[in-house]
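Protein chains in written order, with this note's numbering: chain C, 1 to 164; chain B, 165 to 513.
Keep in mind the hints are simulated off the structure, nothing from the lab. Keep in mind that the hints are not guaranteed to be accurate.
[What the hints assert, rightly or not] Not everything, but these chain C residues come out facing chain B in the computed CB check (under 8 Å): (1) Pro26; (2) Val27; (3) Ala54; (4) Val57; (5) Tyr60; (6) Ala63; (7) Met73; (8) Ala129; (9) Tyr131.
Beta carbons are placed, not taken as given, at the ideal position from N, Cα and C, and that holds for glycine.
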Amino acid sequence: MELPFFFLFGGAMVLFTLLTMFVKNPVHSAIFMILSFASTAGLFVLLDAYLMAAIEVLVYAGAIMVLFLFVIMLINLRSDELEGMKVNPLMVLAAGTFFALLHRAISDLGAAVDPVRANTFEGEPKVVAKYLFTEMVIPFEAVSLLLLAAILGTVVLARRTRDA
Amino acid sequence: MSFSEEPLLYIGVNLAKIIIVTHVVLVVCAYAVLAERKVSAWMQDRVGPNRVGYFGLLQPIADALKFFFKEDIVPGHVNKALFVLAPAIALMPSLIVLAVIPIAPPVVVMGHTVPMVIADLDIGILFLFAISSLAVYGVVLAGWASNSKYPLLGGVRASAQMISYELMLGLSVVGIFMATGTLRLMDIVNLQVDGVWNCFYHPIAFIIFVIAAFAETNRLPFDLPEAETELVAGYHTEYGSMKFAMFFIGEYAAMFGFSALVAVLFLGGWDIPFMSSETFASLGNWGAVVGFISFMTKVLAFMFLYIWVRWTIPRFRYDQLMNLGWKVLLPIALVNVIITGLFNLPKGS
Chain C
1 MELPFFFLFG GAMVLFTLLT MFVKNPVHSA IFMILSFAST AGLFVLLDAY LMAAIEVLVY
61 AGAIMVLFLF VIMLINLRSD ELEGMKVNPL MVLAAGTFFA LLHRAISDLG AAVDPVRANT
121 FEGEPKVVAK YLFTEMVIPF EAVSLLLLAA ILGTVVLARR TRDA
Chain B
165 MSFSEEPLLY IGVNLAKIII VTHVVLVVCA YAVLAERKVS AWMQDRVGPN RVGYFGLLQP
225 IADALKFFFK EDIVPGHVNK ALFVLAPAIA LMPSLIVLAV IPIAPPVVVM GHTVPMVIAD
285 LDIGILFLFA ISSLAVYGVV LAGWASNSKY PLLGGVRASA QMISYELMLG LSVVGIFMAT
345 GTLRLMDIVN LQVDGVWNCF YHPIAFIIFV IAAFAETNRL PFDLPEAETE LVAGYHTEYG
405 SMKFAMFFIG EYAAMFGFSA LVAVLFLGGW DIPFMSSETF ASLGNWGAVV GFISFMTKVL
465 AFMFLYIWVR WTIPRFRYDQ LMNLGWKVLL PIALVNVIIT GLFNLPKGS
């Protein structure tokens, strides 16, 4: 019963992610990204991780991508302005470093968190909350500090260009 | 009754629920449009539509026919695929969210207890927020795909407005979950049936939620994305015939959804004051009928409030809208969460 759905959502996810990268129009690209998030949410549902599925749609598809679209629409690039982007070595380096970090983080995680098992005890939200407010409270706060720093940095950078 | 025990019955019952709920809501939406025109006429000392049928009661049917038979124009300068898709995206989330809203006490049919909700999800309210957060794409993509000035401005306004007020919406209900300890809407209603309505326990959250609900549905005083006096008609300027109608139905379906949510979260769902769950159970299936009538009364009363406010309060300016959201409502909502936390400290701490 689950296998065809796995291939449906997984295949859709891969397809939409590829389309996100290779479509020319940035708005279309953003829409394919939303669809790929929706397929990911489908995969979470197959794992009985309903909370993750809801958060995937609520946060990524429903909030972050709206802001992406907002920015794309405000800049409103014409297609001839999009041609000028070339790959430079710095980009490759940045992407490679990020991929390495991500790979390390995921392989460290291993099978520590099993969404199916977590869900069968006492309802998933409770399990997640328990982790978040006990064991994980320091990493959680560290991430929020990091995000705060990022927001402040963005504001400072934006201000500086306006004054100049 | 579960899928694994009796798959056919399970599918049949759920299909019936889906069909009934969708159609009831669409009919209510059609008549809400008539109510809007009648109430506005009444408030402005006019007569309102009274030509089609007795008191204009057949007006929604005439309107629907008109929409169906109008020529479906797609202007030449638009991005065609998204232009066609946008009205559907605007309408669908408002209908999908109805799946998790409990409308009446359970009914007993042929020895089976059938809960009066399409999907009784563990994470009901999160599902609802997740799906309704997608509604903004209808407006934003319509604005962008129309490829003209005023719709684009409407779309840009909508994206910022709906993201901002989603935050207040989510924060205002956090207090309820802290007090009840559940995200399942059915449990939240049951707790209120045997206890006190949440609007008395969480009055500040109630007020914030109602204000945010007005902003999320793009209704006056927060209808900045369409603002006909400044943006012609905002994001749906370029739309006509049935595509325009879908935006229209989407708006009223969203109103219905939020009214139902206010009823479920704050006004006790199907509860009638001084009736407990035993009273409902002792009435058998009539309990469900009484409960459904009580629930619909609350929903329709809240929809009347929507209409009442629209024809009473003038539109906000955009900076006022953002100031109200981020500098007034957000701090109040955060303080409210802290206060609720202090009142609901876990036992033994």
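Verification of the hints:
{"no.": "1", "hint": "Pro26", "result": "11 Å, violated"}
{"no.": "2", "hint": "Val27", "result": "6 Å, holds"}
{"no.": "3", "hint": "Ala54", "result": "4 Å, holds"}
{"no.": "4", "hint": "Val57", "result": "4 Å, holds"}
{"no.": "5", "hint": "Tyr60", "result": "10 Å, violated"}
{"no.": "6", "hint": "Ala63", "result": "6 Å, holds"}
{"no.": "7", "hint": "Met73", "result": "5 Å, holds"}
{"no.": "8", "hint": "Ala129", "result": "10 Å, violated"}
{"no.": "9", "hint": "Tyr131", "result": "17 Å, violated"}
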